[in-house]
Every structure is written in C-alpha cells, then in structure tokens.
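Asks: Here are the chains, one letter per residue:
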Amino acid sequence: MSATDALQRTLAAEHAAIFVFGAVGGRASALTAPALRRAIGTAYDVHVTRRDRLRALVRAAGGDPVAAEPAYRLPSPLLTALQIEAEALRVERACATTYAALVAETTGGDRRWAVEALIAVALAERSFGGLPEPLPGLGRR
Amino acid sequence: MSRRVVLRAGGLTAVAGTALSGCDLGPSSTSRPAATLPPDPDQHLVDAARAELRGLLTRLSATTGASSLVACHRAQLAALGGEPPAATGRGRPLTPVATAARERRAAERFARWAVACQNGDLARLLASVAAGIRMQPVLRTVG
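Residue numbers (the working numbering), protein chains in the order written: chain A, 1 to 141; chain B, 1001 to 1143.
Calculated from the structure, these hints are not laboratory results. Among the clues, some could well be false.
Said to hold, decoys possible - Looking from chain A toward chain B, a few residues come up when the C-beta cut is under 10 Å (computed):
id, residue
1, Ala-30
2, Leu-31
3, Gly-109
4, Arg-111
5, Arg-112
6, Ala-114
7, Val-115
8, Val-121
9, Glu-125
10, Leu-135
11, Pro-136
12, Leu-138
Claimed, not checked - Chain B regions said to be covered by chain A (calculated; three or more residues, Cβ under 8 Å):
id, region
13, 1070-1077
14, 1103-1115
15, 1125-1138
A quick note: this is a predicted structure, and the numbers were derived from the prediction, not measured. Positions of the beta carbon are idealized from the N, C-alpha and C atoms, including for glycine.
Kindly produce the complete structure, drawing on both the sequences and the hints.
Replies: Below is the structure:
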C-alpha cells in the first residue's frame, strides 16, 4: 500500500466516523446524558478537522480525495446512552486501527501527524468507556 | 511456517500488516544467503525502547498501586521482543507525581522514535506503545 492509499483509506474512515457521530449526536440530544452529548460533539468536531487535514494531505500527494458515501450502516437499535456510547467507542477503535496503519505507511511530517492522531484517538476512546490497553490500534489480542 | 511478520530489528517479532516471503524461496532459487546482513538502521531504537520499558518496570515493580502499569509495560515489552528485568521490585519506588512524569516522558520518547525509525511496522508498534502509555489512568489526573 502506498502512502497515498493509506491516506485515502484513513480519509474514508473519517468520512464514516463523521457520519456516525452526526447520527448518534442527533440521537443523544434526546437523552439526559450531558457528558455523552458533549463528548460526541467534541468527537464530531475533531473528526471533521482531521478529515479536512487528510483531504489536504491527499491533494498534496497528488491524489484526488475520496468522497464520502451517501450513507453508512448504523447498528440497530441505537436508542439508549449505552448503545450510543458503544457505537462511538467502536468508531474510535476503528479509527485507531486506521491511524496505526497510516503510521506504518508514511514518513516524516505525515507520520508525525499520524502518530499524534493515533494518540488522540486512543485518548478519545476513554470518553466512551474505553479501557486503557497496552497497544491501541494493533487489534485486540 | 506461520506468516507472521518478522521485523529485522533486534530479531523483533510482531503481529503486523504484511508478511515477509523469505520462506517461499524454493530449492531452485538462485538467491544466496548474504554472508553478513547490513546493520539494521533501527536497531538502536529497538534497544532504546526495550531499555525504556525495562527501566520503567524496575521502578514500577517497587511502587505501590502500579500493578496495572506493570502489566501494560510487560505486554509492550513482549511485543518489542524484550525480556522483563530479572529482579523486579528492587528499584526505588516512585511517587504518583514522579510516576506520571516518567510515563509522560516515555510516551513522548516512543512517539519520537516512531517518527524516526525506518521500518513502518516498527513505527506502528512504537506509536501504539506511546498511545498505550497515554491511555493509562496515571496520566489522566496528574498534569
């Protein structure tokens, strides 16, 4: 996989994350769980910022940034705070795996950014009930 | 033979993305084993990473309430192909503030080594160690 392919794959993951956080944010607004609503709002903004950065990186690498899909499959039911939190955690873990892969495929400043993103995503997992793990992004062992 | 990735650095074995194909060479292959391999450009980083974790384990093993950190670093050291220190519990214990400072410094070092190394799979592993340290509760509450 080339660095551009890895950037595109990460961009695709961020498109999906933004969709999911937008959707679960809407669901969470109906709940009395202010901490969860805040965490989802923060996560949404962070993923949008990373998506924009990834688009710029793909363009800088001479690529055409991959577009978002019209929609993404959400788990059902997605009604309670626990269900919403679990889905948010799943998305953050998936992003951690994607950023770890991006670290492997990039060098220099792009890799530095990918390392920082991996760390940030690992920390974000804690906002959604994620427990500390020794090697986030490398898969559960 | 399992197709686990073998990172050359320090004989490091790790589960990672792609597989090497050296074991696919057949008897008709004209390739000859090199008499001596060139020096691994990442070896010093692997050595430093293992030493960092071993140092943490020595101090944390003597520190009350650090068992989850010890387990974390043992897993990370194993992923780096390192052996834990033989005699644990002999280091001087760390205060909570000192533990947080040591852990934060270690996370910064691993992140820096991830950027510096040449092997992508090793970079992924080092970055994951940095992220794993940053996830620990000790860094959640202290500066």
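Asks: A separate judgement is required for each hint: does it hold in the structure or not?
Replies: Cross-check of the supplied hints:
1. Using the Cβ-Cβ criterion of 10 Å, the hint placing A/Ala-30 at the interface with chain B is not satisfied: the shortest such distance is roughly 29 Å.
2. With a least beta-carbon distance of about 25 Å to chain B, the hint placing A/Leu-31 at the interface is violated under the 10 Å criterion.
3. Contact between A/Gly-109 and chain B, as hinted, is supported at the beta carbon level, the nearest pair being about 9 Å apart and thus within 10 Å.
4. A cut of 10 Å between beta carbons decides the hint on A/Arg-111: the least distance to chain B is about 5 Å, and the hint holds.
5. Below 10 Å, beta-carbon pairs count as interface contacts, and A/Arg-112 has one with chain B at about 5 Å; its hint therefore holds.
6. With a cut of 10 Å, the hint placing A/Ala-114 at the interface with chain B holds, because the nearest CB-to-CB distance is about 7 Å.
7. With its C-beta approaching chain B no nearer than about 4 Å, A/Val-115 sits inside the 10 Å limit, and its interface hint holds.
8. Contact between A/Val-121 and chain B, as hinted, is supported at the beta carbon level, the nearest pair being about 8 Å apart and thus within 10 Å.
9. Evaluation of the A/Glu-125 hint against chain B yields a held restraint, the C-beta minimum of about 7 Å falling below 10 Å.
10. Nearest Cβ of chain B to the Cβ of A/Leu-135: about 4 Å, under the 10 Å cut. The hint holds.
11. The beta carbon of A/Pro-136 comes within 5 Å of a beta carbon in chain B, closer than 10 Å, and the hint placing it at the interface holds.
12. The beta carbon of A/Leu-138 is positioned within 10 Å of a beta carbon in chain B (closest approach about 5 Å), and the interface hint is therefore held.
13. Only when three residues or more bring their CB closer than 8 Å to a CB of chain A does the claim for the region 1070-1077 of chain B stand; here the count is 5, and the claim holds.
14. Residues of the region 1103-1115 of chain B lying with their CB closer than 8 Å to a CB of chain A number 4, which satisfies the three-residue condition for coverage.
15. For a cut-off of 8 Å, the count of residues in the region 1125-1138 of chain B with a CB near a CB of chain A stands at 11, and the three-residue condition holds.
Of the numbered hints given earlier, the model fails hints 1 and 2; all others are met.
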